[in-house]
Structure formats: C-alpha cells, structure tokens
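As you go down the protein sequences, you meet chains P and S in turn. In terms of numbering that gives the first Met the number 0, the first sequence has 159 at position 160, counting the first letter as 1, and numbering is strictly consecutive. In terms of numbering that gives the first Met the number 0, the second sequence has 91 at position 92, counting the first letter as 1, and numbering is strictly consecutive.
By construction, these hints were calculated from the structure, which means they are not laboratory data. The reader is advised that the hints may include incorrect statements.
Only part of the chain P face toward chain S is listed, based on derived beta-carbon distances under 8 Å [to be verified]:
1) Ala-124
2) Glu-126
3) Val-127
4) Gly-129
5) Gln-181
6) Asn-185
The model shown is predicted, which means the values in this text are computed figures rather than measured ones. Ideal Cβ positions, reconstructed from N, Cα and C, are used throughout, including at glycine.
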Amino acid sequence: MELSKSVRQFLLETGDIARFMGRFFHQLIKPRNEYAEFFRQCYVIGYNSLALVGLTGFIMGLVLTLQLRPSLLRYGVESQLPAMVGIAIVREIGPVITALIFAGKIGSSIGAEIGSMKVTEQIDAMEVSGTNPFKYLVVTRVLAATFMLPVLVLLSDAISLYGSWLGINIKGVTSFDLFFSQVFNNLAFGDVLPAFIKTFFFGFAVGIIGCYKGYYSNKGTEGVGRSANSAVVVSSVLVFIIDLVVVQITDLMGLN
Amino acid sequence: MDTGMKQAGVRKQVAETAVIRIRDLNISFGGNHVLRDFNLVLTKGESVVVLGKSGSGKSVLIKCIVGLLLPDSGSIEVFGSEITELNDEELDHIRVKIGFLFQSNALYDSMTVRENLEFPLRRRWINVEQDEINQMVMEALTNVGLENTVDMMPAELSGGMRKRIALARTLILKPEIILYDEPTSGLDPVTGREISDLIVEIQKKYNTSSLIISHEMNTVRRTANRIVILIDGKCYADGTFEELSASTDKEIQPFFSK
Numbered sequence: 000m001e002l003s004k005s006v007r008q009f010l011l012e013t014g015d016i017a018r019f020m021g022r023f024f025h026q027l028i029k030p031r032n033e034y035a036e037f038f039r040q041c042y043v044i045g046y047n048s049l050a051l052v053g054l055t056g057f058i059m060g061l062v063l064t065l066q067l068r069p070s071l072l073r074y075g076v077e078s079q080l081p082a083m084v085g086i087a088i089v090r091e092i093g094p095v096i097t098a099l100i101f102a103g104k105i106g107s108s109i110g111a112e113i114g115s116m117k118v119t120e121q122i123d124a125m126e127v128s129g130t131n132p133f134k135y136l137v138v139t140r141v142l143a144a145t146f147m148l149p150v151l152v153l154l155s156d157a158i159s160l161y162g163s164w165l166g167i168n169i170k171g172v173t174s175f176d177l178f179f180s181q182v183f184n185n186l187a188f189g190d191v192l193p194a195f196i197k198t199f200f201f202g203f204a205v206g207i208i209g210c211y212k213g214y215y216s217n218k219g220t221e222g223v224g225r226s227a228n229s230a231v232v233v234s235s236v237l238v239f240i241i242d243l244v245v246v247q248i249t250d251l252m253g254l255n
Numbered sequence: 000m001d002t003g004m005k006q007a008g009v010r011k012q013v014a015e016t017a018v019i020r021i022r023d024l025n026i027s028f029g030g031n032h033v034l035r036d037f038n039l040v041l042t043k044g045e046s047v048v049v050l051g052k053s054g055s056g057k058s059v060l061i062k063c064i065v066g067l068l069l070p071d072s073g074s075i076e077v078f079g080s081e082i083t084e085l086n087d088e089e090l091d092h093i094r095v096k097i098g099f100l101f102q103s104n105a106l107y108d109s110m111t112v113r114e115n116l117e118f119p120l121r122r123r124w125i126n127v128e129q130d131e132i133n134q135m136v137m138e139a140l141t142n143v144g145l146e147n148t149v150d151m152m153p154a155e156l157s158g159g160m161r162k163r164i165a166l167a168r169t170l171i172l173k174p175e176i177i178l179y180d181e182p183t184s185g186l187d188p189v190t191g192r193e194i195s196d197l198i199v200e201i202q203k204k205y206n207t208s209s210l211i212i213s214h215e216m217n218t219v220r221r222t223a224n225r226i227v228i229l230i231d232g233k234c235y236a237d238g239t240f241e242e243l244s245a246s247t248d249k250e251i252q253p254f255f256s257k
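Given only the sequences and the hints, what does the whole structure look like? Please build it.
As structure tokens, this is what we get:
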C-alpha cells in the first residue's frame, strides 16, 4: 500500500524531529558548556515574556471567575468559586494557556531568529570561527525554554488567582486571606505536582520545535517566515498532545 | 639541467609550499554532480581566483575546504592535514588558520560591530584580557578603515561597510589562508574596486594565501596571481590573467569579453 504524500511527509518530519532531539541530548553532555549564552537566553526568553504572560494570566483569572459566578450562584454554591477557579487554573488552564502564549511568542521568535541566521550564513560563520552552532544556539535555547516556562506558569497562576479574587470582589466581598485559604485548602499535592512537571515538557517542546524549524529553514526570507509560523503551529499542537498524555498518566496513577 | 629535472624540482617546491591541495574532488546534491574530479593547488602567498558561471560549484568548493560540506570522494589537504578525516577538535585547529569571507557577509545581526569582532577571539582564546581584545578589535577595524563604526549595529552600515567589517572579522585571528566568496558581488563598481584593493593590500601586509571566488572581471584582474576556470565541475583552464584573456578557446573567451 502506498502512503499518501502528506502522510509520508508527516512521518519523515517526525523522524527528523526525533533525530534532532537525539542530537540535542548528545550535544547536551558534550563539552564546552555555554553558560553565558544559556543565562542570556533565560533572560531573553523568561524576563521578556513576563509582561505578556502576566497580563494574559490576570485576564484569564478575572474572566473565568466572572463567567463561572452566575452558574454557581444558580446552584447556590457561590462559596465554592475560589476552590473551583483555583483547581481549574493550577491544574489545567494556567499551564496550557501560558504554554500556548509562550509558543506564540518564543517559538516563533526562536524559529525566525535561527532561520534568518541560517539563510544569511551566520550559522556557517559561527562554525568556521570555532563555535559549535548546535550547542551555542540550539542547546542553550531549548534548555532556557524548558526551565523558564515553569517559572512563568507559576507566576501566571499567581496573577490569575489575584485576578480571580478581584473578579469575585466586583459583585461581592471576599477578603484576600479567605479567598486564598479556600484556594489552598482545596488544592492537593496531586493537583500541583503533575501540573508543574508537565510545564517542563511544554517548554521543551516549544524550544525544540522552534529550533528545529529555524535550523532547517531554507528558501530565503520566505522560508524564515514559514519556519516561524510552523514553529508556533507544531509546538501548540504538541502542547495539547503532551497535556493529553499527562492527563492519562495522572489518571492511571490515581491523581485525578 | 634537463626539462624533466626542472619540472620535478618545481613539483617538489610546490609540494613544499602548498597550503591547500585538492585532488579528484567529487560532490553531488541529489542527481546534480557539482564538482567532478576537481584538482587545485594553492601555494603560500599566492592569490588564486576560481572563475565560473553562477551555480557552477565555486561556493561549494570553498565550503568543502573548511569542512562545512563533506565531499563524496577525493582529498582536501590543508597544511598537510586531510580535512575529510579530521574530528571536530582537529578541524577547529585547522580552521583557526583559515579566514572565510562569506558572500552575505554573515555578520551577527544581534551584535554590535565590536561584539562581531570579539566573538571569534573569545571563542578561540578564553583567557585573553579585555584590553588585548580591544586592541585587536581596533587594529582589525583600522586595517579596513572603519574604526569609528565600533559601536554600530550591522543594520546601520552600508553594503560596502558591512563587507569591510566582515573582512575585519576574518582578519582578527590573523589567518594564513583567506577564502573569499564573491567579495565584490552586489557592490557598486567604486566600492568593489576598494574591496579588491583591500584584498591585495591585506595579502601583501600579512603574506596570506587567498582563494577568491568571483565572476567579476575587475576583481579578478586586480586580485589574481593565477586563475582557475571551473566548467562543468572540472578545472577547465589554469593560467594568469594575461594568458587566459588571450585565449581563443570558446569556453574561456566569454569570461573575458567586454
């Protein structure tokens, strides 16, 4: 049976991404370690995303609260609003929405940056000047994305919960202490840990796809645009796939 | 001394002073056979121009020399080391002695001119003092007459200035061989002439060996000690500008006709 062209293309690209990941782990353990570039990338990827992640997190918490409130009011369980919002944000909405925002901002910028370096021979120039471009460009960016997304998610969760508290206080009165004690009393270890761990995988997926798309960019400036675009699309889809897998695993472990 | 002995003597001298020796080089991409049994020798202090049509494999040739591309078969010896058999560390050791001026300049967009020039220095010599780095950066910029651009970004520079900065970055490690990929393409005739003169000046000042890829006759005339014409992936002709421009060969003539 002959595979259709698009299926064949999909399988070939999946194989290429797997090889690229293999190369990443191989280069990760090889000297020389690019600490300075890694910390610079942490600053670029993490610090520069703070405002966007903070803003979207705040709006997410506020809107979720305002949307949930009428339904809970109808069933007379308005008092459960902090618990419900807290679990929804910490377990699912916070990590996934932040990862999608992160894929849009960081995945595209990594894809475009490395892609333009590729088509303007900057990667070749780096190699000729005695630098391992894979280690310098790819390993540092993937690691920075992997370690910065969890930090951003923690921050986004906190800001979301703050937004939720403000949302509750638009039409009612709940003290800050009461709101947060209700949130934390209803959050179990099994809610927080899997949600936190999966953000490392989300960050890794965004970083590796952005770098892969950029590193194999071709066809000039048009190719760079295409790399940035497909980096966002593929890493966003991967975020959902990883989320699905993590939910199944936590379910099997009895953590849901 | 008979002719045979003279030729043997010349061959021995070339073998002793050859910095690059390419034998029977073959490389293909898909079904496109770009270089076929290509041979070339570059001796110390010599400036060889490889002349050929667009897409004839000139850039592929110099990328093979620095190990950016691996040939299908054949031998590339640089300073006596077989490039195709070296590991990454050994290849890096050879690359220190080779400068590469890219056709697109390949300046790092996100770095200032100073950072662009510092980059190869910092990668090669980890423990070098900042004062020494500053001195080398300024010396390289002075060589290309652009010492006042040190804190500018590449995007703020003209095409000719970017080419000069790229040349300064190539020079900063004081290479023994410089590979130029279309050094004057995309430049106006005046700037092109200035870059060609700069190449000659640098070669005299540092006694470097140069392999220049070009199809612009003004550049060829100014910079070449010897010209190699690449046709169908092979070394079709080899000689001085005067010898080749006087040729009546139908394949050679179009390169020199006005």
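Do the hints match the structure? See the list:
no. : hint    : result
1   : Ala-124 : holds (4 Å)
2   : Glu-126 : holds (6 Å)
3   : Val-127 : holds (5 Å)
4   : Gly-129 : holds (5 Å)
5   : Gln-181 : violated (47 Å)
6   : Asn-185 : violated (46 Å)
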